[in-house]
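Trainee: Residue numbers (our numbering), protein chains in the order written: chain Y, 1 to 298; chain V, 1 to 423; chain P, 1 to 336.
Do not take every clue at face value.
Claimed, not checked - Restricting the straight-line Cα-Cα distance to at most 20 Å, the calculated cross-link-like pairs of lysine to aspartate or glutamate (DMTMM-like) are:
no., chain 1, residue 1, chain 2, residue 2
1, V, Lys163, V, Glu282
2, V, Lys56, Y, Glu87
3, V, Lys142, V, Asp124
4, V, Lys233, P, Asp193
5, V, Lys51, Y, Glu87
6, V, Lys59, Y, Glu243
7, V, Lys409, P, Asp109
8, P, Lys172, Y, Asp69
9, V, Lys35, V, Asp321
10, P, Lys172, V, Asp240
11, V, Lys423, V, Glu405
12, P, Lys172, V, Asp263
13, V, Lys401, P, Asp193
14, V, Lys287, V, Glu275
15, V, Lys420, P, Asp71
16, V, Lys69, Y, Asp85
17, V, Lys417, V, Glu405
18, V, Lys409, P, Asp104
Please keep in mind that the hints were generated in silico from the structure rather than gathered at the bench.
One letter stands for each residue in the lines below.
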Amino acid sequence: MTTVTNPETQAKAPSSSRPKKVRERGERGPLASVALHVGLLVASATAVLPPLWLLITSFKPTSEAFSTDLVKDFTFRNYDHVVNDTEFLSWLGNSLFVVGLTTVIGVFISATTGYAVSRFKFPGMRPLMWLLLITQMFPVAVLIVPLYNLLASLGLLNQPVGLVVTYLTIAVPFCAWMMKGYFDTIPVEIDEAGRVDGLNPFGTFWRLIVPLAKPGLAVTGFYSFITGWAEVAYASAFMTGEENLTLAGGLQTFVNQYTSDWGSLTASAVIVAVPAAVIFGFVQRHLVSGLTAGATKS
Amino acid sequence: MRRGIAATALVAALALTAAACGGDDSDSGKKSSGKLSGTVTFWDTSNDAEKGTYEKLAKGFEDLHPDVKVNYVSVAFGEANAKFKNAAGGNSGAPDVMRTEVAWVADFANLGYLAPLEGTPALDKADDYLPQAAASTKFKGKTYAAPQTIDTLALFYNKKMLKDAGVEAPKTIDEVKSAAKKIKSKSGKTGLYLRGDDPYYYLPYLYGEGGDLLDTKNKKVTVDDPQGAAAFKVMKDLVDSKAATTDASDGYNNQLNAFKDGDVAMALDGPWSIEGALQGKEFKGDKDNLGIAPVPGGSDRQASPQGGWNLAAYAGSKNLDASYEFIKYMSSAKVQQQTTEKLSLLPTRTSVYDVQSVKDNQMVQFFKPAVDKSVERPWIPQANALFEPIRLQMEKVLSGKTSPEDGAKSVGDAYRKLLKDYK
Amino acid sequence: MAVDSSQSLAKAAGAQGARGRGPRTGKTPGRLRRSLSTHWYAWAMVAPVVAVIGVIIGYPLVRGLYLSTTDANEANVERTIGVNHIPATYKSVGLDNYTAVLSDGIFWDRLTWTIIWTVSCVAISFTLGLVLANMLNRKLAGRSLYRMALILPWAVPAFVSVFTWRLLFNEKNGILNKILAGGGIDAIPWLNDPTWAKLSVITVNVWLGVPFMLVAMLGGLQSIPGELYEAAEMDGANAWQRFRHITLPGLRTVSSTVILISGIWTFNMFPVIFLLTRGGPGDATEILVTYAYRLSFVVSPRDFAGSAAWGVIILLLLSLFAVVYRRALRKQGEVW
Chain Y
1 MTTVTNPETQ AKAPSSSRPK KVRERGERGP LASVALHVGL LVASATAVLP
51 PLWLLITSFK PTSEAFSTDL VKDFTFRNYD HVVNDTEFLS WLGNSLFVVG
101 LTTVIGVFIS ATTGYAVSRF KFPGMRPLMW LLLITQMFPV AVLIVPLYNL
151 LASLGLLNQP VGLVVTYLTI AVPFCAWMMK GYFDTIPVEI DEAGRVDGLN
201 PFGTFWRLIV PLAKPGLAVT GFYSFITGWA EVAYASAFMT GEENLTLAGG
251 LQTFVNQYTS DWGSLTASAV IVAVPAAVIF GFVQRHLVSG LTAGATKS
Chain V
1 MRRGIAATAL VAALALTAAA CGGDDSDSGK KSSGKLSGTV TFWDTSNDAE
51 KGTYEKLAKG FEDLHPDVKV NYVSVAFGEA NAKFKNAAGG NSGAPDVMRT
101 EVAWVADFAN LGYLAPLEGT PALDKADDYL PQAAASTKFK GKTYAAPQTI
151 DTLALFYNKK MLKDAGVEAP KTIDEVKSAA KKIKSKSGKT GLYLRGDDPY
201 YYLPYLYGEG GDLLDTKNKK VTVDDPQGAA AFKVMKDLVD SKAATTDASD
251 GYNNQLNAFK DGDVAMALDG PWSIEGALQG KEFKGDKDNL GIAPVPGGSD
301 RQASPQGGWN LAAYAGSKNL DASYEFIKYM SSAKVQQQTT EKLSLLPTRT
351 SVYDVQSVKD NQMVQFFKPA VDKSVERPWI PQANALFEPI RLQMEKVLSG
401 KTSPEDGAKS VGDAYRKLLK DYK
Chain P
1 MAVDSSQSLA KAAGAQGARG RGPRTGKTPG RLRRSLSTHW YAWAMVAPVV
51 AVIGVIIGYP LVRGLYLSTT DANEANVERT IGVNHIPATY KSVGLDNYTA
101 VLSDGIFWDR LTWTIIWTVS CVAISFTLGL VLANMLNRKL AGRSLYRMAL
151 ILPWAVPAFV SVFTWRLLFN EKNGILNKIL AGGGIDAIPW LNDPTWAKLS
201 VITVNVWLGV PFMLVAMLGG LQSIPGELYE AAEMDGANAW QRFRHITLPG
251 LRTVSSTVIL ISGIWTFNMF PVIFLLTRGG PGDATEILVT YAYRLSFVVS
301 PRDFAGSAAW GVIILLLLSL FAVVYRRALR KQGEVW
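Isolated chain Y, as found in the complex (with noise of 0.2 Å):
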């Protein structure tokens, strides 16, 4: 037990509350410090200046939009705009639907591999674990055809369930992976506890596990969120209805070879990211502790 380390202490650790454990290095000399904080101002204004040159871009009105002014005739018809004149609605309901149900299916399915794979040793395991690893390396290249033809086949092209099944490629290795990490960090006593109060081994997963893998599972479920509500290549091969496209693939309608509505991409992009990086913010010290945890383990 001792030698695990809670994920929750561990993210809060460096938090000035608890200065005990924070190790004593040597004290910095004023210059050091000064380098410090430049360093990390330098580092963060790169990190912030571009998204938020595309919030100013958003309320400036199309034909300003490469102004270099910070404030160029403000307005809100970009926003008034894409909102009402758009199918950018749509297009949020489809991504909305399509990356949530493929988080919920890929984490659903995927607790209890990760489950299998971190607690027992058995015939396959390692095949099983390379096959994880290899087909989260599979580049759309070498799916994305016969995919296409199956989806055809199926008449499921153009429609949000064939995405569906499309993003599971992706989540489901992805999310057996990152869920067996997290299941390493929970103590195999707590499954002996189990066995001996009679718990066979789907009673202990389901009874003692489970609950206490809840920040691993919304921290899985999280991640295969943004990494599907971010796909491009599926997205813009396999939806053709303007109606059915998803954000990554509607917002290039209205930025292309051809069009350059900066206005309605940057206040539709706003709308898609504002959330996004709320919500972000607030599990992210979750995903430290759940990222590293898979990443320690593996």
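Dock chains V and P against the given chain Y, drawing on the hints supplied.
Mentor: Chains V and P in isolation, oriented as in the chain Y frame:
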């Protein structure tokens, strides 16, 4: 009981996936009375400045056939070909009627995606069509589209800027260069915008040097003849001598923006950009400032490619009857007259050129003779595929990664791979 | 930090005979039955994933492998247009597609660039992530603010960010060139010159990738016991020595995994290239994956067979990379 949970979960998951595999939409066709009904989905490829007019015209079909709903979808020109193929090849999501670029018709027809139009209402007064416009609608002896508009490239110029620099509209590439020099010394602006991202714009230079892509009669690839390399050289020289500016991406918008804002004095463009250019600050209050002249000639001649748009019906459409009528309507003399009046696009029907408002349209007055002289492209299934190798080499040549000679040679090699029976 | 799982694994599974690499399935019926009775829990638990992978990855994969040995393209595959059914007419060509790809200069050009792209993206974002993590992992005013700012590129959906960068990179009107012009510097053809375009796509990908590295490295740093540093300090080790001998070894497990994963991701990074440059100018920024996509969905006629062959080769390359990488790690004493 506990074991059951996992099993139930598994079943539920499978059921979800299975349930995901259902569903299809249906579309009604002709009612028994013979009256048209249902929906016609129309994919339009017109650009930002044009699409409002096109949407209104397409919706006008509903006035003629009140039971038919027109589902107008604007698809960007750059994506339209790929999107249509994705949808048509997978038999889902394809439109009923598609605005099809002239070079796409043979390709789509060859794949079986288009419905032949002979004997359908779609082909109305076919002998009224300009012969070169009708040529692009035929494949293997059948007609697969109705021509809607015809175009070619021309030199757009800013009259004021040229006048300030004391130059006339250039007739040759050499005149472009000397004009650009004067413009630069006068106003500091660049003379010409050269589309380095779109292979279509290679054609006027190629024709100007006396070359062509293919010799379809003798089944010979001609793009790697010396004229092909010479055309690349001319383009490269324009850019290197700073007479022209270029981009490897977003060229359409960059060119239009640069021209209409007065950052460049000249650009090669087609009638589809007239409306967009007139919205810019250089031309907004002063339509007459927009000058149009034939494309500057190379060492051999002045010539530009024939382009345009046709209307085709998807072979898998569930509402072909209404689609044929829709095509008939959209390519009718009445609609063509309106696209000319509102957008200065060129009609494909000879009768429309006799209408007074069309006759009076300055753009038509200029473009009609240019179209008559324009070079017909090879109407073969691979016509559209001929562009990708040019794009690749053009960007390489313009950025100095490849010599004009090697560029032309690579294009030729790519063509021979594409066209198995060509020498 | 972790339980030594190899001890407890077998216990937890209630298995005695499954230690080590036993034969996969028993050769005699008795053995099979025995392993079935010991392992059926585990097998039942992995069954859903195996089934899903088998159906929606396995089938397309096998089909892709098959297509890569034919001359399939959009004009000869089976297709249904409304009521018309057009049967498939493509035929087997053996390994011709593979020899064609491997003997083509394009493949080697693309492979070279893809490797440069992958290595530089991973190396730069890993280094930046490591440096920033070390800067953040200490008492610092405004620490959580910095942290939020630095993670932002990850929080914004990638395709949104890529569009934003296109806005910034626009040669004629983009803000980057306008700032440079303010400093008297000529416009940089960010996406229009082959070399600049390469630098630009790498920049964007690094920008997108640093937060992942940062987060992983921070987690790794926090799992290094502080006592180690205290002890080292008492022994008089300076900052660099502590970093070299405690931090780096402490981060090894995390690093090896994130490098593997992000290497694979970057190798297959489709959206950044596709949305930023479409592989241009020319084919300067085209990586293997975008090229294979171009073959099957952009060029005409769409070359399904060729694209599949590229896909298979990419897959083989990545598998090889993973095997070699794992082996190298195992040699250094990692177990997996």
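Trainee: Determine for every hint whether it applies to the structure shown.
Mentor: Outcome of the hint check:
1. Lys163(V) - Glu282(V): Holds, at roughly 14 Å.
2. Lys56(V) - Glu87(Y): Given pair Lys56(V), Glu87(Y) holds - Cα atoms ~18 Å apart, limit 20 Å.
3. Lys142(V) - Asp124(V): holds, 15 Å
4. Lys233(V) - Asp193(P): Between Lys233(V) and Asp193(P) the Cα gap is close to 18 Å, so the pair holds against 20 Å.
5. Lys51(V) - Glu87(Y): Holds, at about 16 Å.
6. Lys59(V) - Glu243(Y): The hint holds at about 18 Å.
7. Lys409(V) - Asp109(P): At roughly 18 Å apart (the allowed maximum being 20 Å), Asp109(P) and Lys409(V) satisfy the hint.
8. Lys172(P) - Asp69(Y): holds, 16 Å
9. Lys35(V) - Asp321(V): holds, 10 Å
10. Lys172(P) - Asp240(V): holds, 17 Å
11. Lys423(V) - Glu405(V): The hint holds at about 19 Å.
12. Lys172(P) - Asp263(V): holds, 10 Å
13. Lys401(V) - Asp193(P): Judged against 20 Å, a Cα distance of about 10 Å means the pair holds.
14. Lys287(V) - Glu275(V): This hinted pair holds, its Cα atoms lying about 10 Å apart.
15. Lys420(V) - Asp71(P): holds, 14 Å
16. Lys69(V) - Asp85(Y): OK: Lys69(V) and Asp85(Y) at ~19 Å, within 20 Å.
17. Lys417(V) - Glu405(V): Holds: Lys417(V) and Glu405(V) sit about 19 Å apart, inside 20 Å.
18. Lys409(V) - Asp104(P): Cα-Cα ~16 Å, so holds.
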